[in-house]
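Chemist: Below, each chain spelled out in residue letters.
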Amino acid sequence: MLTQLLLQVVVAVSILLSVALAGVVGRDRLSLLREEWRSRLRTSAPAIALLLAILLLNRIMRQQGRSLSQDYGIHMTEVFYTIEGEFVLLFQAIASPEANTYFSISYVYGYVFLLIFPVVAYAARSKTIDFRRLLIAYSLNYAIGLVFYILFIAYGPRNVFVEELTQTMLYDNSPQYKYLTTEVNRNTNVFPSLHTSLSATVATFAYQTRSTYPRWFPIAVCLSISIMISTMYLGIHWGIDVLAGLALAGFCVSLSTYLVDRWSLTAILEQVRKRLHEYRDTVTTASQENS
Amino acid sequence: MLTQVLVQLVVVVTLMIAVSVALFVGRHRLRVTRTEWRTRLRDTAPALAVLTTVLLFNSIARQIVPDLSWMIGWNLTWAIYDIEGQFILWLQSFETPAVTAYFSFMYIYGYVFALTFPVVAYFALADTRPLRELLAAYTLNYTLGLVLYVFVIAFGPRNMMPELVEALLYDTYPQYQHLTRQVNRNTNVFPSLHASLATTVTLLAYRTRDRYPTWFYVTLGLGTSIALSTMYLGIHWAIDVLAGFGLAYVSVSLARVLVDRWSVSAWLASIRGRDADDDCEVDSSSDHT
Amino acid sequence: MLAASVGLSVSTSGCLRHVRSIVNRNEVEQLSLTITTLSADGDRESIQLAQDIGATLEAAGIDIEIDMQSREAFRRSILINHDFDIYVGRHPGDIRPDFLYETLHSKFADESGWQNPFGFTNLTFDTYLERQQRAGGEEREQAVNQTLEALALEQPFVPICVPHEFRLVRTDRFDGWKQGHLATRMGYLGLDPPTTEEAVLRAAHTDSRPSQNLNPLAVEFRNRGLVTGLLYDSLAVPRWSEGGTDAGDSDDEEPNGIDEDGDRTYSPWLGADWTWNENENEDGDERTENGSGIDTDLDPDADLEPTGTLTVTLREGCQFHDGHELTADDVAFTVDFLSDTTRDDNEFPAPSPRYRGHIDPIADVTKQGNELEFTCTASEPVAKRVLEIPILPAHIWGERTETASIPAITVADGTTEALITDNLPPIGSGPFQFENRTQREFVTLERFDEHFTRRESVALPEASAETLRIRIDPRSTSAIELVETDEADVTSLALESYVVDDVLEAESEREQISDSDPLEVIESSTGSFYHLGFNARTAPFSNPRFRRVIARLIDKEQLVSDVFYGHARPIAAPVTREWTPDSLAWTGTDPETPFLGTDGELDVEAARAAFEEAGFRYDDQGRLRVRY
Amino acid sequence: MNSPPDESDESAEGISRRAMLAAGATGLSVGASGCINRVQSVVDPDSSTGMAVSILTLPGADGDREGAQIARHLEENLRSVGVNATINTRSRSELLKTVLLEQDFDIYVGRHPADFNPDFLYEALHSTYAYESGWQNPFKFMDPSFDGEVRFMDPSFDGALERQRTVEGAEREEAIAELLWRFALNQPFIPVCIPNEYRLVQTDRFSGWEDGHLATRLGYLGLEPAANVEQLHALITDARPTRNLNPLSATARERGTITDLLYDSLATYEETDDDSESNLRPWLAADWDWDGSTATIELREDCTFHNGDPLTAQDVKFTYRFLADTTLGRAPEASPAPRYRGQVAAIDSITVEDDYRLTISASTSPEVGERAFTVPILPRRIWSERVDRRVTGNDEFSPPQGTWSLVTANNIPPVGSGPFQFADRSEGEFLLLERFEDHFSVGTDDVPEPTVPELRLEVDPGTASSIDRIASGGADMTTARLETYALGGISDDDPVERVEDTSWTFYHIGFNTLKEPFSNPRFRRAVARLVDKGWITETIFNGHARPVAAPVAEKWTPDSDSEIDSLVWEDKDPVTPFLGTDGELDVKDARDLFAEDYEYDDSGNLLR
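Line order of the protein sequences matches chains V, W, R and S. For the first sequence, UniProt numbering gives the first residue as 1, with consecutive numbering after it. For the second sequence, UniProt numbering gives the first residue as 1, with consecutive numbering after it. For the third sequence, UniProt numbering gives the first residue as 1, with consecutive numbering after it. For the fourth sequence, UniProt numbering gives the first residue as 1, with consecutive numbering after it.
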């Protein structure tokens, strides 16, 4: 069941990707990418490694976080509920079968696409800086999100407003998605909304790089906004989670710009080599003087 | 009944003062006093005024203090009892009619005497500074004491352990109840003003021992027995008394700092202008003693 | 990658589980409770009781703190704010057991005042109380017994003892002290002065509160309402002869032997006459009963059938101290007002903290002329309690219905002006009227010459003294001295028991010397009793087992001899002798919750066993632990 | 505020020390103190705070949808009467931990495992268990009986609880009627409804589903598999069995279905068409017969545990002793297990006659005593070792009862004697059991036996998805009760079948009666009248439930011909009828009801 679902997603996303690449990135960039991918990969290797590491950690903590947060986590559902009350129910006003399908799709497929596309797109740029920033921003999002998930135990609105949300609730209309989400997430991980933060991150990047990918910018914005709404519409996140997600995104983006090129491995290697040279020179000169 | 107790008190104390004036002050000083009492009075007027106002205010405030404290509701009785436990009982184990009589006397008459006599004695000094310090110290005692009374609710030992602590004073001499009950509400025990004022007097007596050497030793006796009496009679806890000592020390040292900080007369002089320099002389002269 | 993660996860999970099992151990801590009580100046016996009981509890491994408070603060925290764990104090009580209804019925649990300060809520118990309230005659007796037995089971509060009341009086200026109970209005009326110019009756009062507040509804300032009793009239005066079995010698006291309508329990006062006519269907019977002898009506909130009507004829032409005439309207107003001091202009009623039980059975009041008809939902003796309430002037108290407001302070709803006003000067219709006062020093009352007792036609005891001067005096010792030195005629409050022996000795000596001695000691009966109250709203006091064990840690016999020097009667049931069922009669030890130990010495092992049996645990230092 | 006259005569009275002071001053002070008195009597720290209640419940969508909806219903109605109620969600185990072990909660909404015999109320409500953690008296309800100590009749809740345990037959029905009357009067918890138990099964791989109750072991035995079906593939919506298999854990077990499969008990529950006689049939015990209140039990011979140890009368004896005190007497005070409390309490003493015969003397009637036969029999060697391991030499050892590691440990692999034994598991994904070949039932024909070599319990996110999965042949059955909202998703054309079993577990609203205001039965009754059980069963359960006023089976509910008022549901609650109509609360009435006992502030909040 899960596998066929995954298959669906992969297929759908890859189609989307190919279309988008054709439409947004353009052939020449891609061809260029084919030639330079080694060097670009080398420069951005650290960032990639970091992201992978974080994802791995994330996976582990998904299983272990449970018991961790059971012991040390704070239950926040009540708090959120008292603060924002029935805010998410506002989106029920636009509830309709069409809206359901649209938001479900954007929540599942749109999201995956939104995350993957920029990776390729920025990899296809000669300047790897944005590529690396993106990766770092992703990893930051995941890392910080993880910490929050362990600290705060909260259930989404769908677990509180059951009857109000029945007709829009993702897992009622299409239960199969549940296998997918349970694979990647736990129902107590709602604060902050990673969907929001990641898509917001992507959107910001799209804005910063709108000169290179003018077409991508509007797409990204529309997509990310509808994803944010979908999280609330489908009763998966509280308004607060979304806000927190936005904040997280902003933080991560700015931090990434700040971090990238701070310590470049190559530069460090250069340094070391230089040091060695100098040292050797001094030694040799000294010996010459002695003799 | 209250009246006659008061009268009694007045008579006894005046007698004691008369005697001790004759003993400690001596005719010479008195003669001098007769001549310059005006100037001295003028110097001490401000301090005197402050004291009287504070006393007045105090006596009014006393009425509402307990209610205020109940609203703040910081009841320390149990804490105190927990800390010091049975000390009062131990003290009372020495009870004999004679001792009781002595301490009761000290608590009422000795106390009033100890407070009033120094006023007279220091008034008889050419240098008015001790007097003004004394008055200032009294003032401080009362004000600080009042503040503490507002914040702290504490019942005396006699209220905590009535069957253990003989409320000696009031059971042996019920009439005094009228007097003290007038002066004190039963929640005002921390700190012991009896102890603090008596100590104040002693401390000042120590500082003026060059002028009244014998008086100093008398106050030592007085102070200690008053402090003891408060506990022996089950009116105060030992902690109250200690607090009293602390309060006394604070107020005396404060008084020392404050007195002559602002000389009203000098201030008046500055208003009046150049022609009244001699007034300032008086003050400044008193400074350098 | 997956393999790695799994391996890692497994290892971490193990350690985490270990951590969790440590974290999870939420330790139950030692039970520590605060005994709220009065200071020795407020009530010498209370603090002593608290001290002794505290000591025993400590011995049983409970951490004790004693919180002493002044009279007002004490009542405020117990009766109004319900802010206490356990308290030791004196209950005004009554000579008839009807007061148990408002004291223990769960529907009063959240009201302030002497109605259910314990927050005791037990519906089985309620059914008893209701039966007692409604049943008449034989059934009433039996219902009362059941109630008291259930009380002994549940121990919502632990009745300790009924102290004997002694007062010192001078007979040379006024005499006839024994005619009325000195804790009531009657004690100060009908005194016969040997010489007429002795116009001032001087009472030494050891409680300063009357000088601060004379509001008959302010529960924190009233004990048994002596002074307000003089200022305000009630419809009738309860006869003490019935409850009088308490204090040996004063059995004979028979207030002014008037006996028109053969009413043994009340003698007429403001109400000249009254009649009770029973409704036909006494619905106490139609309630089905099952094996356990409880009616199985599943809805205790059901409206009760009226059981009868009480018709009262008011005296003609009485008036208040300010000259307004006292009419049936005032009476009706008072009843209505006591049941809701907001007089329905607020959404929810705010009943008066005092006289709650007196007016509770009154369903409706109708009046024509000076005839009042009370429709009651209780049996005759209970319904008649309404005759005891003080009659308030409608034109004054009608103004006091709005919720009291003080800037910048949030006010609990239902705290009406009426409950907190100090009501000075008080305007009543009583035999005395307020003259003046000085806080904590004295209150002076003048005779009210328009009072109906002054009329020739009325053969009721009247105020013989022109002035009643209540001198506030701190302690019994000094009060006695005042009387001895002829500065006062009577100690209006009972003497503290530690001086009683001396007083009695002194008297016996005097009698040997001369029989023409002006001083006299008067012992009078009382329904008021000392007790230990639990705050049953909170754990562990909500647990009857716990309360029972606590009750068994109290050696009433010993306390009576230690604290009251024997001048009290240890009790297992908080009522007068003739109401006490044989099963609860005092038999040297407590019949229901005997002391765990012997003469004051607690048997610690037994106590622990008792607590452990009640489901509590001790730790290795022998401290009683409890999960809150 | 104070009366002017004071000052004038103040000066006239010569005796006062303050006579020398200005009269005005006195007036001032008097005034001031008066004012302060006023302030004091006005300000009321306690009641100036509104009443706040936190309702504990399972997450609606992924935990227990009906429960969460009931909680919402309650919350809304509480809000409208001015109680500041909030909903507080916890995962299944967390909820049980908070309610049963830590016991810090105000109100919770949940399902009670209950029992086919109303005697479960004994451990659920008896005051002696109020201070124990576990399934025993989580409400901390206390109305103790003092029959032992007092000389006069003592009507109390405990009394009623104890009475129904000792008497038999018609008398017992009477006792239970009285008990239930007291229950209705006190409402220690509010029974809401008994939902119908539906399960979905695949009919072309297996048949014979109706034979046993699918919440008990018999449901999984004696199924007839189609040819070459090697595995029974069941779906569980609750991942706890994959994490913890400790039969004593209060937080991981509810019905104990899987424990039933792994462990044997002396007797096992069997659905009988007529409720009159006992629902228990011999299981591990070959047979028993009662002589008065003592039963002589014949064990089946040479049964073994999964690890090969023989199962003898000693193990049975040990089990009961161990459940009564999990420290086996090492600790100063006994530490009873957080489950099976009432069952074990029914047993006075056990004497082992020989390896396979033992006599049990019960403190109760046989009817109640037999409940004790349903507890799982634990291998003595293993569990006593565990105790030894935890209780090392130190003499002063007192474990936190119900939470100490022995009863919270996950007990994996579990060693029992049941028809299935543990094979494999992966946390949060699946639990694999395999047939225990040496089980006494295998090969016999008088008792149903495990017919498939493997039983795979797989965690599935929710009812809806499980239904899809079974319909699409992805699994054979659901072990958990189907949530009613998804019943519509069952199509008739698939080879699936909806099996219904008799149900006794009920939804209820539990109070922490140690806390104010829940300690007040009048408050609890008032709250009960805010819950529209009829509406709940109609809308939330779509009619697939039975609203109840008494938390017991119909046969036990006192009806009109019993001598107390009937507790039978006839289209409204006989005791605490809802204040309003079909779900809509009549706020005015409700507020009036609460105002009888509690105050409202001017902004309409209920004060405590």
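Be careful, since some hints might not be right.
So the derived list for chain V, only partly shown, Cβ under 7 Å to chain S, looks like this [claimed, not checked]:
id : residue
1  : S14
2  : I15
3  : T77
4  : E86
5  : Y142
6  : V160
Stretch by stretch, here's where chain S covers chain R in the computed footprint (C-beta under 8 Å, at least three residues) [what the hints assert, rightly or not]:
id : segment
7  : 50-57
8  : 121-127
9  : 542-548
Simulated from the structure, these hints should not be mistaken for lab results. Quick caveat: nothing in here was measured; it's all calculated off a predicted structure. Ideal placement from N, C-alpha and C gives every residue a C-beta, glycine not left out.
Chemist: Are any of the numbered hints broken by this structure? If so, which, sorted upward?
Modeler: 1, 2, 4, 5 and 7
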